[in-house]
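Number of protein chains: 2
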Amino acid sequence: MGFSEELSKKAAFAEEVLKKYTPSPSGFEGRVLEAVEYSVSAGGKHLRPVIMKAVFDMYGGEGEYIEPFMAAIEFIHNYSLIHDDLPAMDNDMYRRGKKTTHVVYGDGIATLAGDCLLNLSFETAMKAFDLIPGDNGETGRNALKDRVIKALRILFDKAGINGMLGGQSADVDAEKRGLEMDKDRLMYIHENKTAALIEAALMTGAVLAGAPDGDVKVLEETGSDTGIAFQIKDDILDVTGDEEKLGKHVGSDSENGKVTYVTLFGLEKAEEDQRKLSLSAVNRLTSLNKDSEFLKDLISSLTDRES
Amino acid sequence: MGFSEELSKKAAFAEEVLKKYTPSPSGFEGRVLEAVEYSVSAGGKHLRPVIMKAVFDMYGGEGEYIEPFMAAIEFIHNYSLIHDDLPAMDNDMYRRGKKTTHVVYGDGIATLAGDCLLNLSFETAMKAFDLIPGDNGETGRNALKDRVIKALRILFDKAGINGMLGGQSADVDAEKRGLEMDKDRLMYIHENKTAALIEAALMTGAVLAGAPDGDVKVLEETGSDTGIAFQIKDDILDVTGDEEKLGKHVGSDSENGKVTYVTLFGLEKAEEDQRKLSLSAVNRLTSLNKDSEFLKDLISSLTDRES
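For the protein sequence lines, the chains are X and Y, in the order given. Numbering of the first sequence is given in my numbering, commencing with residue 1 and proceeding in unit increments. Numbering of the second sequence is given in my numbering, commencing with residue 1001 and proceeding in unit increments.
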């Protein structure tokens, strides 16, 4: 099976899991659940749950208790998109070619839909405790419970103010107060806003499968390299990209006076760093001595993409 | 020690716990943490952590692992206040005599501060696992871990779309779409928006102390009675209250054409139901055969207050 076929298959599985854990709208609270469903079913690529499951498989993980975590990380991603798109932050009207949640449901319901998804992500991840296989004896079950607890802590550490939310906070604060975007702040934002949840996906997949701590650390660094390379590539494509392939206007960053990796370091250094980080991520995976072909292809497809 | 002295003492302890778990602002994400600190230190009464700890003590609970839960429930309460006050929802400029978070920090940072508090509530409650006493042997520790897991599930179920968030969703949806506020919707809102977190406080305090399931169920019903009685009293005071004692304008509900328990059922029935529910809550506590004097006084002070 070729890479893109395998990716489609894994994304379809993630989609199925996500549907299973997305509540159906009903009752007086139904309107917010409609907004949740609208956002979740907007056709993302489900990269984070795909990465999580691929690592889980790579370490021989077995059992359905990975599934609530797959849904949870996608809920976290979706809540962040809904809130980022609000007029109070980026004020984006379209995402993935569809109207954003607040445009359809209003700012109040969209804010609550984001809150609902974040709360739902905890509630859902906690369901992993119900899916711990019963055939491992008391000691085996307690060991799996400890893995779930560890994975919960990693996921919500990376989602919170020490991770994704910290990156978003630094970004919004700089924009709203007109603070200078220097190299340190930009790296902090790239590292946290994008990389933190990719790190969480790689780490939780490993932890749930019982991977050793040393490997979890290597995967965290892999996620960091990948996330930063992905963001640098984003900044590069806004300068060198093909509008037709990208499906969006090129040059908008410089037109908006936006400070990016390219404006701070120049195109040549940006391309060099993106290549280095991408290679570093792949080399880290190689060092684990596992069958990581799919993950390597996936990471390369993110960091070396043309669109 | 009289009731009000005991309440002050317990509230001061809750305040101390809260301070211990509130992160100090620093770094690029510092602005959002300043907004978090501003909201948390605005001088609430810390009723939910006080209730939680009182139940824990009532069941002979021992150990510090209750403390992260005390902070977590107050973080949840504060996140809900910050988001409710946003222009996208109630657009309130003042709370507890201070400017609301979004007035001071802007809507974007306030939205992120709410998100931060919700995520932080989960991160903080998870710290209970670190505080499980080590002197109970492996079996004892695993039993306490199971209590923490159970309490986590209750807390975030009651905070989410099946609890507080559901109530807020029904309220905001009715207002934004101009839906009719009938008895069923109003009861749903009172039950969930206010009562759910009081239920959570009572239930988690009991679960963490190892109370039997039957008692936890009675405490859930106690919280429901208390929360609804509290809300009905709120509606009553807006008609009959003493402006001086309340420290706010009376009659604003009817001036704003707001549908309340009093407008739907009449003042007499509202007062009757509030008394019945208040008595029911106290009787439920009596039925537990524990030393519940403080909790009874506290509940009566909420449901029978004059301000």
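Please note that the accuracy of each hint is not assured.
[As the list claims (entries may be wrong)] Per label pair, the in silico range of CB-to-CB distance:
{"#": "1", "chain 1": "Y", "residue 1": "K1269", "chain 2": "X", "residue 2": "G134", "range": "29 to 39 Å"}
{"#": "2", "chain 1": "X", "residue 1": "T139", "chain 2": "Y", "residue 2": "G1097", "range": "54 to 64 Å"}
{"#": "3", "chain 1": "Y", "residue 1": "G1178", "chain 2": "X", "residue 2": "R305", "range": "22 to 32 Å"}
{"#": "4", "chain 1": "Y", "residue 1": "G1097", "chain 2": "X", "residue 2": "G251", "range": "21 to 31 Å"}
[Claimed, not checked] Here are some chain X residues pointing at chain Y (derived, C-beta under 8 Å):
{"#": "5", "residue": "E29"}
{"#": "6", "residue": "S169"}
{"#": "7", "residue": "D173"}
Think of the hints as simulated: they come from the structure by calculation, not from any bench. The C-beta atom is built at its ideal place from N, Cα and C for all residues, glycine as well.
Cross-check of the supplied hints:
no. : hint                          : result
1   : Y/K1269 to X/G134: 29 to 39 Å : violated, 52 Å
2   : X/T139 to Y/G1097: 54 to 64 Å : holds, 56 Å
3   : Y/G1178 to X/R305: 22 to 32 Å : violated, 46 Å
4   : Y/G1097 to X/G251: 21 to 31 Å : violated, 50 Å
5   : E29                           : holds, 4 Å
6   : S169                          : holds, 4 Å
7   : D173                          : holds, 4 Å
Going down the numbered hints, you'll see the structure goes against 1, 3, 4, while the others check out.
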